[in-house]
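S.K.: Chains as they are written, first to last, in this note's numbering: chain A, 43 to 369; chain B, 43 to 369; chain C, 43 to 369; chain D, 43 to 369; chain E, 43 to 369; chain F, 43 to 369.
Take these hints with a grain of salt, some might be off.
Note: identical chains are not told apart, hence a pair may lie in one copy or across any two.
Here are the simulated DMTMM-like pairs of lysine to aspartate or glutamate, each with C-alpha atoms no more than 20 Å apart in a straight line [to be verified]:
#1 LYS150 x ASP100
#2 LYS214 x ASP252
#3 LYS150 x GLU193
#4 LYS283 x ASP301
#5 LYS214 x ASP100
#6 LYS214 x GLU354
#7 LYS150 x ASP127
#8 LYS214 x ASP71
#9 LYS214 x GLU355
#10 LYS214 x ASP255
For the record, the hints were derived by calculation from the structure and aren't laboratory data. Since the model is a prediction, treat every value here as computed from it, not as a measurement.
Residues per chain are reported as follows:
Number of protein chains: 6
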Amino acid sequence: MPDIVAFGEVMIRLAPPHFQRLEQTRSLDLEIGGAEFNTAAGCVRLGRTATWVSRLPDNPLGKLIANRVREIGVSDTFVQYTPHDRCGLYFLEFGASPRASGIVYDRKESAIAQVQPGMFDWPTIFRGARWFHVTGITAALSAGAAAATAEALTAAKQAGLGTSIDLNYRSKLWTPQEAGRVMSGLVNGIDLLIASEGDCRDLFSIDGTDFADMAQQLIERFGVRCVAGTRRETPLVWRNKFAAVGYTAGQLYESAWYDVEIVDRLGAGDALAAGLIHGLLDGDLEKGIHYGAAIGAIQHSILGDLPWITREEVEAVLAGSGLRIRR
Amino acid sequence: MPDIVAFGEVMIRLAPPHFQRLEQTRSLDLEIGGAEFNTAAGCVRLGRTATWVSRLPDNPLGKLIANRVREIGVSDTFVQYTPHDRCGLYFLEFGASPRASGIVYDRKESAIAQVQPGMFDWPTIFRGARWFHVTGITAALSAGAAAATAEALTAAKQAGLGTSIDLNYRSKLWTPQEAGRVMSGLVNGIDLLIASEGDCRDLFSIDGTDFADMAQQLIERFGVRCVAGTRRETPLVWRNKFAAVGYTAGQLYESAWYDVEIVDRLGAGDALAAGLIHGLLDGDLEKGIHYGAAIGAIQHSILGDLPWITREEVEAVLAGSGLRIRR
Amino acid sequence: MPDIVAFGEVMIRLAPPHFQRLEQTRSLDLEIGGAEFNTAAGCVRLGRTATWVSRLPDNPLGKLIANRVREIGVSDTFVQYTPHDRCGLYFLEFGASPRASGIVYDRKESAIAQVQPGMFDWPTIFRGARWFHVTGITAALSAGAAAATAEALTAAKQAGLGTSIDLNYRSKLWTPQEAGRVMSGLVNGIDLLIASEGDCRDLFSIDGTDFADMAQQLIERFGVRCVAGTRRETPLVWRNKFAAVGYTAGQLYESAWYDVEIVDRLGAGDALAAGLIHGLLDGDLEKGIHYGAAIGAIQHSILGDLPWITREEVEAVLAGSGLRIRR
Amino acid sequence: MPDIVAFGEVMIRLAPPHFQRLEQTRSLDLEIGGAEFNTAAGCVRLGRTATWVSRLPDNPLGKLIANRVREIGVSDTFVQYTPHDRCGLYFLEFGASPRASGIVYDRKESAIAQVQPGMFDWPTIFRGARWFHVTGITAALSAGAAAATAEALTAAKQAGLGTSIDLNYRSKLWTPQEAGRVMSGLVNGIDLLIASEGDCRDLFSIDGTDFADMAQQLIERFGVRCVAGTRRETPLVWRNKFAAVGYTAGQLYESAWYDVEIVDRLGAGDALAAGLIHGLLDGDLEKGIHYGAAIGAIQHSILGDLPWITREEVEAVLAGSGLRIRR
Amino acid sequence: MPDIVAFGEVMIRLAPPHFQRLEQTRSLDLEIGGAEFNTAAGCVRLGRTATWVSRLPDNPLGKLIANRVREIGVSDTFVQYTPHDRCGLYFLEFGASPRASGIVYDRKESAIAQVQPGMFDWPTIFRGARWFHVTGITAALSAGAAAATAEALTAAKQAGLGTSIDLNYRSKLWTPQEAGRVMSGLVNGIDLLIASEGDCRDLFSIDGTDFADMAQQLIERFGVRCVAGTRRETPLVWRNKFAAVGYTAGQLYESAWYDVEIVDRLGAGDALAAGLIHGLLDGDLEKGIHYGAAIGAIQHSILGDLPWITREEVEAVLAGSGLRIRR
Amino acid sequence: MPDIVAFGEVMIRLAPPHFQRLEQTRSLDLEIGGAEFNTAAGCVRLGRTATWVSRLPDNPLGKLIANRVREIGVSDTFVQYTPHDRCGLYFLEFGASPRASGIVYDRKESAIAQVQPGMFDWPTIFRGARWFHVTGITAALSAGAAAATAEALTAAKQAGLGTSIDLNYRSKLWTPQEAGRVMSGLVNGIDLLIASEGDCRDLFSIDGTDFADMAQQLIERFGVRCVAGTRRETPLVWRNKFAAVGYTAGQLYESAWYDVEIVDRLGAGDALAAGLIHGLLDGDLEKGIHYGAAIGAIQHSILGDLPWITREEVEAVLAGSGLRIRR
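Could you build the full structure based on these sequences and the hints that come with them?
M.R.: Right, here's the structure in full:
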């Protein structure tokens with residue numbers, strides 16, 4: 043009976059060590075990552091329980107993913123194994139200004155991309171759960187995955203769960219037009235929509251004067267309850283300023299700004315989502331914005347997509363604990 | 043104007059360090075390998091020139107493969123780049139008795155598997171060349187790849203090149219029946235067929251009293267000129283005895299037996315093929331058997347599929363140089 | 043409701059890479075291991091479910107252990123966290139003949155060594171379980187740990203669980219006299235005792251003409267049901283011959299002998315115990331001997347104490363699958 | 043006959059590579075470090091000779107520490123080996139803003155914590171020496187260690203050595219009250235006290251209007267000759283501004299400010315102490331402040347606690363040599 | 043028929059990992075690098091073809107260099123192997139403010155330092171080529187190398203190639219006086235001179251009011267066609283601002299300024315030279331300045347001296363693509 | 043006042059990891075080694091004290107060597123630093139049957155090769171010492187080194203020290219004729235000559251019916267007191283049988299044979315020499331043969347040339363301690 047259910051793909055991430063380019067490397071560091079699972083893991087680190095729903099190939103790579111899902115404390119009880127499919131992979135190059143970090147996806151034909159409605163028994167999965175989280179990436183994997191996402195959202199609402207979607211538009215997976223059409227259907231009536239101004243403009247043609255204006259339009263058009271997003275000042279690859287913002291019922295909430303030194307940029311948005319859900323499970327978007335900004339800021343300092351952070355550390359950052367070595 | 047032309051797939055090989063299982067690993071060592079290319083590289087190391095013909099995706103992984111092909115001295119002039127395909131990958135686990143080494147292939151939908159006849163201008167490729175080498179793996183990739191292989195063999199013979207095929211049956215790619223049907227057509231009239239007793243039995247239903255008998259049957263049925271194979275006594279994963287055997291025109295040639303301590307089992311058969319071609323380019327199968335056995339034996343001591351061996355080292359082993367540190 | 047409950051210490055294992063001595067090393071590879079947990083993990087890999095009961099410090103090292111316990115699929119639900127204790131550590135040097143591998147323990151004052159009877163609610167822990175496994179190491183940690191072990195064994199028998207003890211005498215933890223006194227009490231009436239001839243002689247002054255004779259004496263003195271042990275011919279550090287033997291109700295069972303190339307000697311006996319329990323859960327000691335010998339033999343090829351082996355691999359070894367690369 | 047004698051603990055430091063958290067790591071980089079020894083090593087690098095006095099367990103870890111003490115050029119002649127104790131360990135996580143670096147100590151029951159007065163023959167140790175250095179960490183290890191520190195200070199003064207103490211308050215070892223009581227006794231009449239404003243306030247309830255005021259109060263209360271400290275502007279984990287300040291006989295000395303890019307924060311204060319002693323051995327606090335600030339600034343760029351820096355490099359920084367690659 | 047011919051030394055570069063000092067390291071990362079070759083490689087990455095002319099010892103280290111030259115796509119056809127010489131080596135320490143990065147050369151008696159005029163058949167080498175590039179380092183290796191450089195420049199001009207020299211003064215190889223005397227002869231009448239203000243002052247006693255003034259003087263004194271250089275603001279070791287500037291025929295061209303986060307400082311100037319040649323091959327110094335600044339800026343983010351950068355990436359930076367992860 | 047004085051070169055050893063060839067490697071593991079120093083270190087590990095006499099360049103590489111000399115406990119007090127020379131390097135490739143391990147030397151022009159008689163104050167160096175050890179490698183470095191060796195031997199004898207020479211013929215340094223001529227002079231009247239049958243034949247034209255016969259001839263011709271050597275059966279690169287043999291005053295001493303699994307073949311003979319000297323310092327060649335064989339056998343299991351072995355371990359092997367893990 044986990045608090046949170048997340049549905050989506052986890053890929054194996056392969057990255058050359060120490061800023062090497064893929065072309066020159068002789069080894070790859072292996073991590074796992076997937077937006078929805080990352081968020082589930084963040085919720086676990088903040089003290090909640092979570093389960094991850096997906097499909098994996100029944101081979102050592104699929105098992106590796108499940109092993110690591112359990113390692114960070116998320117349940118893999120509802121993962122289905124398939125005999126012939128493959129794991130999604132992505133290759134990551136770490137950059138330095140003026141060279142951005144880059145990703146090469148090799149995720150076609152993955153086990154979860156073959157999902158179809160009816161494959162998962164959502165009422166059983168949702169029994170005892172309080173929240174369902176998914177992102178636009180799942181919907182982008184295939185028509186079947188989009189349909190299964192819709193099926194899951196419907197079931198979640200019927201089961202009385204809170205629901206959240208992180209738009210997470212990926213230009214390497216689909217066009218803004220496709221994404222806009224599919225996501226418009228999915229976001230209808232959900233409790234939390236996480237979205238950037240750019241994605242709202244490109245997918246929904248919603249262009250606000252500011253975040254609150256954009257959020258209000260989203261609320262009106264799609265009947266969502268809360269809208270949240272990140273703020274980022276990006277002068278460099280190794281250093282940013284980072285904050286979170288949220289809006290609900292006419293009220294805007296803004297977090298503190300954090301100076302972040304960036305070990306690994308991936309997973310920050312997913313950690314933010316975990317903080318948001320953590321707050322909303324207590325019925326408190328403002329709490330979610332503060333926890334989300336803090337855990338998201340810390341996540342920039344963590345190697346890999348997964349939030350190896352403790353709630354105590356998040357709360358210490360919220361309390362302004364400073365940067366001296368603790369000893 | 044290379045001496046040898048090889049046609050086939052090169053994959054990226056990813057292996058956990060130090061005998062780790064894939065399930066438990068946190069990094070992967072990256073090498074490249076592909077049977078036909080490995081043999082071309084062996085020929086270069088023995089003093090010949092070679093070019094490798096294939097298709098690669100136009101992304102960092104495809105370029106990585108081409109970089110390393112050039113690194114060992116094989117030409118990539120005729121490699122074609124495709125915009126949307128992927129690289130074949132394989133994951134290798136190193137074993138120890140009683141656990142055999144294992145391979146997980148992830149090679150579906152690779153750029154070379156999409157090849158069709160007509161894509162390569164073989165007469166241009168073969169201009170000035172003396173030998174064409176391919177293996178059963180290329181034919182197993184797809185119907186298009188099998189057809190392109192047939193096209194290449196025909197063009198090679200027309201251009202007056204010697205031709206060789208290593209059967210290299212792979213049970214993860216096709217059935218013995220499929221392989222037998224396709225390979226029967228390809229081996230017809232070639233100069234050198236490399237085959238194991240087991241594969242001959244399974245693919246061609248040829249079962250000899252000994253190697254000479256089997257080879258004689260192959261020669262009679264397929265009109266091949268020479269037949270060669272390895273002999274291996276396999277008590278352990280880390281140690282074998284290894285030798286080569288060849289047959290042509292009623293004459294059997296046998297190499298010395300080598301005690302091999304095994305750093306990396308892959309590529310030994312491909313190195314043997316290089317030694318064979320090296321001999322046959324001098325019209326001398328017996329030389330080929332001796333060079334093939336020696337370079338194949340040494341290849342067990344080399345990390346990766348590629349033959350980082352010099353001709354001087356091969357000739358030193360042939361001369362019985364012993365195992366003392368040279369200093 | 044796991045099939046197997048295991049009780050004992052898991053330590054962090056720190057080993058210099060590539061045969062280095064501790065004195066000279068600049069890095070340490072980190073694994074976890076503990077005899078009882080290793081066995082629980084082996085049961086999970088063979089298809090059973092298992093939970094591990096212990097105490098850990100509430101710090102990153104304690105959490106690291108719990109993370110990895112979950113990673114391999116064992117439940118950590120009943121692990122207790124303590125605010126001030128430490129983790130047991132052990133430092134491992136890999137040897138080569140004539141230098142044996144060596145261990146430096148740094149496990150005093152660990153959280154589990156502070157355990158006392160009454161700290162764990164055994165009836166709750168055993169609910170739905172079928173087997174309880176412990177070793178002499180747990181009893182050797184402290185008087186409290188020995189008393190808690192006795193308490194657990196009593197509760198397990200009351201709950202109708204099968205019980206097993208691996209003597210696992212450790213001369214760095216206690217004397218043969220102490221061990222004999224304590225273990226005599228614990229082994230009384232258990233279902234499976236795993237013991238070597240040497241330990242029986244040193245701890246219980248039982249000296250048989252052969253394994254069957256020794257086992258019969260143990261059965262008679264302690265009322266145990268089955269006795270099992272390993273057979274090992276040890277010519278070298280990197281290579282052994284390995285087999286298992288068991289005895290019950292007047293019947294001796296012997297496994298095949300395996301040639302083992304040794305990547306990492308640790309955990310082989312614990313894997314054997316897993317195979318034994320796997321068989322006995324089906325009421326079949328002979329099956330246990332065969333599975334135990336096979337998984338124990340394979341375990342020599344695995345880096346780390348943990349059995350990263352699949353049931354399919356064990357059954358392939360039992361079926362004599364050979365040592366060729368699978369491809 | 044070393045110039046400097048240092049007394050204290052050296053621990054083995056274990057740190058996950060590349061910003062990993064302890065919870066997720068699979069290997070640990072091993073260094074050694076201890077405040078007093080680090081300072082002794084800094085003196086050696088600046089051209090002095092030094093010996094380190096301590097106790098170590100007679101096992102590979104203890105020998106590892108002694109090996110490395112000698113490696114950097116400090117004498118281990120007076121180190122005592124004990125048969126049963128353990129080495130202190132500390133686990134270090136490297137941070138990035140907003141996550142501070144963190145340390146988990148595992149140093150209880152170390153060999154040096156068991157020290158008692160009378161164990162070391164201080165008159166022999168001090169023969170020919172010119173300076174004795176210790177820090178508050180040694181005194182915090184145990185009552186015996188505090189008493190042995192007092193004994194050593196007395197003997198040093200009797201032998202005519204200069205004496206220095208770095209307060210180095212560690213909240214994980216004792217309370218400010220305990221530290222204040224013990225350190226008040228020890229600092230009496232020493233030549234150099236290194237202290238931060240915060241520690242003076244917390245330990246001695248001394249709160250000055252500025253550094254000079256605080257130092258003057260310390261001089262008056264404890265009869266110390268010189269007081270020194272660091273100045274640090276800490277905007278980030280990877281970058282600081284760093285300087286040194288000293289006061290004696292009514293005169294304040296301030297170093298230049300250095301922009302430091304931080305590879306490893308540990309050991310900077312200990313390197314500063316080495317510079318201070320280096321100056322005071324020439325009777326020149328101002329020289330000490332300048333050398334101390336420069337070597338302390340450079341130490342931020344050095345991996346590990348130990349000052350792998352040459353005097354020529356310190357003097358080049360003092361001369362404003364700039365940041366271009368030397369070639 | 044390569045577009046560009048480069049003449050000079052390639053050394054093996056050995057660097058301790060992760061900011062370690064040489065004194066403390068236990069391993070060295072191996073790259074290759076040499077100013078002229080680096081530039082040739084940069085031209086290849088921008089879409090040109092190139093060949094590298096040099097001498098190497100006929101041993102594994104010499105072959106390693108040639109392997110890697112081919113790996114990045116530069117031809118090694120004209121490399122000569124010598125039986126007894128050695129490879130130049132250099133040892134690199136990565137720094138952090140206030141510690142500059144440092145280099146220890148071990149390049150005496152290298153194969154290329156033994157070069158003499160007449161050893162290379164320049165007319166054959168230059169057949170079909172369009173540009174010849176060399177630097178002051180080649181001339182500094184030995185009198186023979188300087189004479190061979192003069193010989194090559196003469197032959198290049200006779201063959202109608204464009205010519206470029208990067209002054210690249212190295213104080214560890216020769217004095218400014220020697221360098222000024224030799225380089226004055228070599229730069230006469232070349233098409234592109236790359237020079238810093240400092241080197242012009244020290245070698246040629248040319249001191250301009252600004253870059254244009256200095257360049258005009260160089261043009262007048264030496265009859266060169268274009269002069270180019272870098273601009274660098276160097277607040278720190280890990281971060282710079284970087285730009286390029288060029289002058290020809292009374293016209294000054296300035297690139298944009300780039301914020302560079304520095305993974306590896308080496309090779310940036312050589313990459314700039316590649317961009318300049320790339321522009322001048324199209325007869326366009328302004329293009330060269332822009333491409334040179336962009337590829338030079340990106341090169342700071344690349345591990346090793348070699349420009350593992352694509353033309354697409356250079357053009358993306360020129361187009362202001364920003365620093366967000368591409369996905 | 044060390045027991046043993048050793049004179050010779052220590053080089054930096056650079057080896058590709060995990061059986062890689064130099065041509066393919068991207069990193070090198072760094073150790074130090076030199077025959078005479080290795081032996082001195084072995085004596086220290088057996089409980090003696092030792093000093094190493096040599097010359098090093100005054101740069102980070104020279105200091106690295108001195109650091110590590112001290113690390114293992116040998117004194118560097120008499121090492122001289124030179125401003126302009128270089129360190130000797132050697133590159134090591136680890137082999138596997140049928141590929142022998144190989145070494146590429148890059149040691150020309152090293153600081154110690156420039157040594158001349160008169161540079162070292164031998165009477166001071168030998169004060170209080172009991173034994174002087176050198177090998178034929180030192181004499182092979184240069185005429186100056188041979189002369190300095192002769193000077194040192196004369197001084198050692200005058201000072202009453204025992205003397206030993208390990209012939210250690212290196213074909214890459216000189217011819218058998220040169221070696222025979224020089225070494226004939228040096229070995230005259232020494233206490234211990236370590237030599238193989240092959241070297242005696244090639245250098246001195248001494249060919250015995252067995253070891254005793256050869257030794258007797260050496261004793262008669264050169265007036266040496268004892269002769270010792272190794273026995274080795276070399277079936278493979280990873281496994282040997284190893285023993286020691288010695289002869290003095292008509293008596294032959296033979297050690298037990300050891301099965302050795304070979305981690306690193308280098309340094310075994312130097313460790314043997316340490317055991318021999320250890321015995322002869324007690325006036326007991328037989329003890330020396332036994333200790334020498336045991337420490338030499340263990341040395342095959344140690345990474346690097348240096349004997350990271352304890353006297354307790356040597357004595358445990360002598361006592362037949364077996365190969366079980368100690369725990």
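S.K.: Can you tell me if LYS214 and GLU354 fall within 20 Å by alpha carbon in one copy, between copies, both or neither?
M.R.: between (37 Å within a copy, 17 Å between copies)
S.K.: At most 20 Å between C-alpha atoms: does LYS214 with GLU355 qualify within a copy, between copies, both, or neither?
M.R.: between (35 Å within a copy, 17 Å between copies)
S.K.: For the identical chains here, do LYS150 and ASP100 meet the 20 Å Cα criterion within one copy, between copies, both, or neither?
M.R.: For LYS150 and ASP100, the Cα distance is within 20 Å both inside one copy (17 Å) and across copies (16 Å).
S.K.: Evaluate LYS283 and ASP301 at a C-alpha cut-off of 20 Å and name the case that applies: within, between, both or neither.
M.R.: Answer is both; intra-copy 5 Å and inter-copy 17 Å each pass.
S.K.: My question is about LYS214 and ASP100: at a cut-off of 20 Å on alpha-carbon distance, are they close within one copy, between copies, both, or neither?
M.R.: between (27 Å within a copy, 15 Å between copies)
S.K.: Regarding LYS214 and ASP71, is the shortest C-alpha distance of 20 Å or less found within a copy, between copies, in both, or in neither?
M.R.: For LYS214 and ASP71, the Cα distance exceeds 20 Å both inside one copy (23 Å) and across copies (27 Å).
S.K.: Reference check for the pair LYS150 and GLU193, CA-CA at most 20 Å: within, between, both, or neither?
M.R.: Answer is neither: 22 Å inside a copy and 31 Å across each miss the 20 Å cutoff.
S.K.: Is the C-alpha distance from LYS150 to ASP127 at most 20 Å within one copy, between copies, in both cases, or in neither?
M.R.: Both: 10 Å inside a chain and 10 Å across chains, each within 20 Å.
S.K.: Have a look at LYS214 and ASP252 and pick one of within, between, both or neither, based on CA distance no larger than 20 Å.
M.R.: Neither, since 28 Å and 47 Å both go past 20 Å.
S.K.: If the cut is 20 Å between Cα atoms, do LYS214 and ASP255 qualify within a copy, between copies, both or neither?
M.R.: So LYS214 and ASP255 fail the 20 Å test inside a copy (29 Å) and across (50 Å) alike.
When the structure is compared with the earlier hints, violations turn up for hints 2, 3, 8 and 10 and for no others.
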